[in-house]
Amino acid sequence: MIGRRTQAARRRAKLAATTVAITTILLGLAGTARATSLSAERADDDVKALRDDGRDGFCSAPPERLSEHAAELCPMAKEVAGCEALVARCKGEVAEKPKAPDVSFLEKLGPIAQVLMWVLIAVMIVGIGYPLLLAILKARRDQAVADPEPDAPRPSRAPPPEELPDETEAEVLMLRAEEHRRRGDHARAIFAYLHASLRALDRREQIRIAPFRTHGEYVRACRDQAARAELRAIVREVEEVRFGGATATDETSSRVASRAALLVRGLPLTVMTVTMLLALVLGLVGCGSSGPKLQRANDPAGDDLFLELLPKQGVKLSKERGALSSLPLPKAGEKEPALIVDLARVPLDDDSRDHLLKWVKAGGVLVIAAHGPWKALGYELGSGDTSELTVPPLDLGTVDINDDEVWVDESPNLEELHGGLATPRSLVWEDATPLARVGKEPYAMMKLLGKGRVIVLADDQLFTNLGLARHGNAGALVALLSHMHRHEARIARPEDGTSPPTSPFSSLMRAGMGLGLWHALAAVFILFIAVGTRAARPTPTPPPQRRAFTEHVEATGALYARTKMAPHALAAYTRWVDERLRAQMPRGGVDLAAWVAHRAKEDEASVRATFARAQSAQSDEKPRGDELIVLKKLGNLYAAATADGNVRRRS
Amino acid sequence: MDANRFTETFTNLRSQMARVVVGQEELLDGVLGAVLARGHVLVEGAPGLGKTLVARALAAALGCTFKRIQFTPDLMPSDVTGSSILDRHTSGFTFVPGPIFTQLLLADEINRAPAKTQSSLLEAMQDRQVTVDGVSRQLPAPFAVIATQNPVESQGTYPLPEAQLDRFLVKLTVADPPADVERTIVRNHAQGFDPADLSTLTAVTTPEDVVEMQRHAQTIRVDDAIIGYIVELVRKTRDDRTIELGASPRASIALMKTAQVIAASEGRAFVTPDDVKPMVKPVLRHRVMLHPDAQLQGITPDARIDEILRATPVPRVTG
Chain Z
-8 MIGRRTQAAR RRAKLAATTV AITTILLGLA GTARATSLSA ERADDDVKAL RDDGRDGFCS
52 APPERLSEHA AELCPMAKEV AGCEALVARC KGEVAEKPKA PDVSFLEKLG PIAQVLMWVL
112 IAVMIVGIGY PLLLAILKAR RDQAVADPEP DAPRPSRAPP PEELPDETEA EVLMLRAEEH
172 RRRGDHARAI FAYLHASLRA LDRREQIRIA PFRTHGEYVR ACRDQAARAE LRAIVREVEE
232 VRFGGATATD ETSSRVASRA ALLVRGLPLT VMTVTMLLAL VLGLVGCGSS GPKLQRANDP
292 AGDDLFLELL PKQGVKLSKE RGALSSLPLP KAGEKEPALI VDLARVPLDD DSRDHLLKWV
352 KAGGVLVIAA HGPWKALGYE LGSGDTSELT VPPLDLGTVD INDDEVWVDE SPNLEELHGG
412 LATPRSLVWE DATPLARVGK EPYAMMKLLG KGRVIVLADD QLFTNLGLAR HGNAGALVAL
472 LSHMHRHEAR IARPEDGTSP PTSPFSSLMR AGMGLGLWHA LAAVFILFIA VGTRAARPTP
532 TPPPQRRAFT EHVEATGALY ARTKMAPHAL AAYTRWVDER LRAQMPRGGV DLAAWVAHRA
592 KEDEASVRAT FARAQSAQSD EKPRGDELIV LKKLGNLYAA ATADGNVRRR S
Chain S
103 MDANRFTETF TNLRSQMARV VVGQEELLDG VLGAVLARGH VLVEGAPGLG KTLVARALAA
163 ALGCTFKRIQ FTPDLMPSDV TGSSILDRHT SGFTFVPGPI FTQLLLADEI NRAPAKTQSS
223 LLEAMQDRQV TVDGVSRQLP APFAVIATQN PVESQGTYPL PEAQLDRFLV KLTVADPPAD
283 VERTIVRNHA QGFDPADLST LTAVTTPEDV VEMQRHAQTI RVDDAIIGYI VELVRKTRDD
343 RTIELGASPR ASIALMKTAQ VIAASEGRAF VTPDDVKPMV KPVLRHRVML HPDAQLQGIT
403 PDARIDEILR ATPVPRVTG
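Going down the list, the protein sequences come from chains Z and S. Following my numbering, the numbering of the first sequence begins with -8 at its first residue and continues without gaps. Following my numbering, the numbering of the second sequence begins with 103 at its first residue and continues without gaps.
Treat the hints with caution; some may be incorrect.
Computed list of lysine-lysine pairs in DSBU-like fashion (alpha-carbon distance at most 35 Å, straight line) [to be verified]:
no., chain 1, residue 1, chain 2, residue 2
1, Z, K303, Z, K326
2, Z, K99, Z, K69
3, S, K383, Z, K129
4, Z, K555, S, K169
Output of the computed footprint for chain Z on chain S, the stretches with three or more beta carbons under 8 Å from beta carbons of chain Z [unchecked claim]:
no., region
5, 119 to 133
6, 289 to 301
Hints were generated in silico from the structure; no laboratory data involved. Cβ coordinates follow ideal geometry from the N, Cα and C atoms, glycine included.
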């Protein structure tokens, strides 16, 4: 089976190559090509005409520094007429190529680098941990302020903060102050200016506004020295009016207003302006330092000649308008323009590659100039179902791109097509049909996939300005592209090979910033915990929770036991029992012991004795030893007397 | 006396005292402020922290007469106030003034004397006069008592009764100095400083100047909002469940007076909440009596006063 397939592939390869060779020869002979046909013979003339028309910058005025890609093409330069300047530049490039620096000494710096790395990590940990610690401490302080201990005076007893303005935004308070000032109410105006200043400083975390803090404490707490001086001056003016009985004048409010404006508006604006200017300057400096700009037309490795050659050959060329991963699939019966992708310029991501495969199978024609490791892409393109190649009848004229197939049995050598390369490269592509060879290795191959086809060149040398300028290469390229069989072609731009991200996160992940993204999210979460809660809306303080009664009793009992204050415990409990029982006695009742004895069904004399002992207990007397027994008896009597609900409850 | 002169004199007094007293700025301010507010000072601290030195330096700087009484268990009231003795020449009784007849009196370790002797100071502190054998004698002006007591020892001591504690305008606590301050103190002694010899200090004022400063401090304006704030603070000590006995209205007056002195020392003619707040603890800490339960839980008066300060909004301005 494998042998039969290999034989068939070999037959097809021979057929295709022979066809191309014959076609190329015939193309050279055909002088009456149709306008819509690719003409290999005319191709070199077209290129020459383009160069004469001023597209010769890559030869006559090459850039001072050749790119790596352009340097690879240098061997072709001497074969191109009028390219002496480029030849000279290529010599310089070779001569100036710097040697790799000796970095062996860096190995000795390894331990130092390791230490520095640990120091950096420690600094980062401290950088994250320190704000977190500050936040925890601040939260504790805030908690202490917000939730006083249960025994502390109730906040509700404090004067209500009705004097504090409702507005929390400094700008709103500034507007309010200005309104007071316009009305001539200078006292209120300067008070509002002070509030605005405090709010602004609080927002910048210079101070922390709290009802119990004084203006002097705000001034002392302000870390920004400039802001502190301004705030101190405002406080002095305001307190002189508020507590000193001075009269606020227009002059006073004017002074306070200018200082408040500095605190509320001035400093942030200044900081923002300086930051923006700095960013602009740095940006401009950064842009300017990128070295001399490379003019594309002057680049030997550019594709300007290629882009202009195809229209001259009757092919309507346009640039791809969107991402290759969203390329619409060809419809049945319609001939979609061929797509030319130079992988050296248009790297493909996984989505684009998968979609192109579907696109080809649906009837698309794809021309690829390979770059780098071709094997992976070739494997993927070959992984689908392949159709048997059909050998079309030969057309011994020009290659009509409307023809279905042109195929020969033997693929020609590129030199036979008058082509030449600076660096010979070849393809490895299983089951593909060679279109041209370099030596014995295939340089250009084609494979039919589904309803479409893929033409692959080993590299893009024939697409480059210098490559096309070499006599014969234009004809060879046109001969190879004639297998597109399309009047129209689209060329992919560098950005087309990257499929658009579905979300900002996928965009960052694709850019290799996934780990950084998670770190940033963690940092944002920590920052939110640290300072974000300050921006949260104030929530009403929950009422202080009462301790459970049993917990209170246990704690009190433990305290009495620890301090050996049994008499005090008995006296306190007796007072409590006495008060509760008397509240439940029937109206008019006076004899508590008799009522309890009746309710508890106990001996009245015994109850009287217990009550007498209990009521004689004093907090400061010495323990007699029977306190706990009496206390327990009293507790039992109380429980028995209040056992059922048929007692009068305190209203 | 105008505000500028008050401020200048106050600053000079502080700097003069600071020449011999190192690292006790809070104590200096408190003592000076209390004296200028016509009050008396109770200083609590371990021995050797410079309490006596502060009192002597203050006397030297103020130019006032200074006497010291070392309180002991056998000290009699007459040892403080003086007594009438038989004069052989006149065959009559002649009053011999006790050490209390001075302008600045240091009552050292006041809690070592019994309550009777302690009480001999009550009239002097409150009315600035002494009654002996039915005759009242005015004390010189200015008159201020600086009493010290040791918080550690309890054997053989007589805690001051609440009534007498209330007579002290402020109670100042002296903590151990930081290491660097202690090094400076030792270095000064190594360079020949003798705490017994304060001849290097010069009097900044005369007793008359001090009286004038006291009068000026009383003229400082206290807004109703400030009075409300002071009263609110003091009243909260009475409502606090951990405090068995809160501060009296005398505490409110004391707080206002000390705030007036602070305002005057800063050259202001009015009191602000910033003048009140730092004096709340010195004025109230000895006037509140904690509930035994709170004491057992280790709660201190200062801690409760801090809570009260946090729970009391300062007077705001209306914008």
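Now the hints, each set against the structure:
{"no.": "1", "hint": "Z/K303 with Z/K326", "result": "holds (21 Å)"}
{"no.": "2", "hint": "Z/K99 with Z/K69", "result": "violated (46 Å)"}
{"no.": "3", "hint": "S/K383 with Z/K129", "result": "holds (24 Å)"}
{"no.": "4", "hint": "Z/K555 with S/K169", "result": "violated (46 Å)"}
{"no.": "5", "hint": "119 to 133", "result": "violated (count 0)"}
{"no.": "6", "hint": "289 to 301", "result": "violated (count 0)"}
In terms of the numbered hints stated before, the structure departs from hints 2, 4, 5 and 6, listed from lowest to highest.
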